[in-house]
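Chain by chain, the residues:
Protein chains: 2
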Amino acid sequence: MNYKELFEQIKLKQSFLCLGLDSDFEKLPKHLLSFEFPVFEFNKQIIDASVKYVVAYKPNLAFYESLGLAGWQSLEMTVDYIRDNYPEIFIIADAKRGDIGNTSKLYAKAFFEKMNFDAITVAPYMGEDSVKPFLTYKNKWLILLALTSNIGADDFQYFSENKQRLFEKVLEKSQDWGDANNMMYVVGATRAEMLKDVRKIVPNHFLLVPGIGAQGGSLQEVAKYGMNENCGLLVNSSRAIIFADSSENFAITARIKAQEVQDEMRTLLKAKEII
Amino acid sequence: MNYKELFEQIKLKQSFLCLGLDSDFEKLPKHLLSFEFPVFEFNKQIIDASVKYVVAYKPNLAFYESLGLAGWQSLEMTVDYIRDNYPEIFIIADAKRGDIGNTSKLYAKAFFEKMNFDAITVAPYMGEDSVKPFLTYKNKWLILLALTSNIGADDFQYFSENKQRLFEKVLEKSQDWGDANNMMYVVGATRAEMLKDVRKIVPNHFLLVPGIGAQGGSLQEVAKYGMNENCGLLVNSSRAIIFADSSENFAITARIKAQEVQDEMRTLLKAKEII
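The listed protein sequences derive, respectively, from chains X and S. Each residue of the first sequence is one higher than the last, beginning at 0 in numbering that gives the first Met the number 0. Each residue of the second sequence is one higher than the last, beginning at 0 in numbering that gives the first Met the number 0.
Heads up, none of these hints are tricks.
Identical copies go unnamed one by one, so any copy, or any two together, can satisfy a pair.
Straight-line Cα separation of at most 25 Å, PhoX-like style, residue types lysine-lysine; simulated pairs:
(1) K162 <-> K172
(2) K271 <-> K10
(3) K195 <-> K271
(4) K131 <-> K26
Don't read these hints as lab results, they were simulated from the structure.
Turn these sequences into a full structure, and let the hints steer you where they fit.
If you want it as structure tokens, here you go:
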């Protein structure tokens with residue numbers, strides 16, 4: 000999917016919601032455990048219920064890897080299910096990979112060829128040759144960690160040289176490797192005020208913003224400081240939507256929660272005269 | 000495996016060789032392709048041939064993930080094979096993972112419980128809560144990226160604040176999270192002279208040193224600047240050993256190449272009066 004198509008989807012659905020499929024096996028509604036692939040069954044029902052309000056789904060790989068082979072099967076089945084039924088959806092592998100050149104190339108192959116993801120999150124620590132292999136695929140996206148939503152972001156991401164902080168260095172340096180048509184950045188909603196500084200360096204790029212919902216970030220603040228004229232935001236929520244209800248009605252509740260977020264997003268898009 | 004046991008193995012085998020199982024499907028000897036799990040068959044023969052000269056094996060996850068389910072099966076079979084036949088071996092998942100706290104916890108579970116690895120490589124960018132979950136397992140190890148062997152290491156790892164470079168900040172800050180009994184660091188052999196600076200901050204820790212062999216680093220230099228009285232080094236070679244020969248004799252050639260490295264290592268251990 001390219002930049003324009005993604006923006007069209009945002010306008011069509013009046014939403015920039017990315018729903019995180021952090022489908023923790025321990026938290027699944029109990030009645031799903033009798034299925035051969037409970038995680039896939041959970042995802043399928045969540046997707047069917049929420050898709051009207053969602054432009055992107057983002058499985059975090061840890062929740063699948065931790066289940067071994069059955070987890071990987073559930074992940075592949077989930078991606079295939081979305082592709083077959085909702086081809087308009089943007090699918091992000093939240094994998095936070097990154098390795099030396101010849102190895103990153105294989106990760107790119109795994110996520111873009113073997114599985115048909117649109118985008119993958121990548122950690123910047125190892126620099127250019129660890130990042131570039133993800134940028135060689137047409138209509139695929141690299142999402143580079145810049146300023147993350149967790150508390151540990153303070154440890155290294157604000158480290159600074161001549162008043163430039165590391166996350167700013169990552170934003171700046173990576174301009175040599177790709178552009179707004181194949182790169183996005185992770186910027187945590189828990190650090191919404193920093194979006195002002197981020198936008199000074201990358202005014203046009205899409206930002207993947209985790210941290211609203213369970214992590215406590217504010218959607219209003221994110222839009223205030225981060226939204227550009229093409230929206231430029233994919234705001235992620237995971238636990239607050241998919242695990243809002245652990246009863247047999249979990250999917251209906253997830254739909255209601257997703258719709259609540261989308262309602263707020265529509266208002267914000269209108270205020271910015273995007274729709 | 001604990002620090003003392005690892006050091007004992009090094010003295011016993013007169014080697015600090017870590018053999019990287021970067022078992023690229025595209026490079027496997029052709030006669031193995033008729034096996035149901037060619038990658039596992041390759042690994043098994045490489046392991047049987049080289050184990051006398053090796054203290055650690057290190058599969059890089061990318062080479063397995065890129066094959067999908069069959070890759071993960073080959074990885075699990077490889078770990079199980081080593082555990083069953085060579086329980087004295089230290090096994091490293093070269094995964095370069097790292098995510099927010101609750102997610103890193105699941106990666107730790109995947110690699111330390113679901114699969115029985117001794118250690119996992121982790122990227123430091125996301126800080127403390129992304130790292131700590133790997134430090135809660137007894138006799139398991141976190142191996143944190145500090146100064147990597149690839150060219151892209153220049154992009155961010157030398158970024159500096161008040162004359163402290165980012166890789167030094169990583170070494171220093173992580174002293175709050177663990178110690179020489181549960182943490183190691185990746186320092187590339189291609190930057191051997193930097194080992195002097197690394198050792199100023201972490202004199203006692205084991206270092207995992209990739210980059211000799213195909214990447215061109217020098218074992219002599221690594222030992223000169225990095226070896227401490229408990230050796231303190233696991234030096235990795237991958238392609239230069241496992242893909243030295245693509246004929247049916249590949250395992251015999253790998254054994255010879257591993258023995259050549261071990262010969263050099265024995266000399267270095269003797270020079271330091273460790274054996």
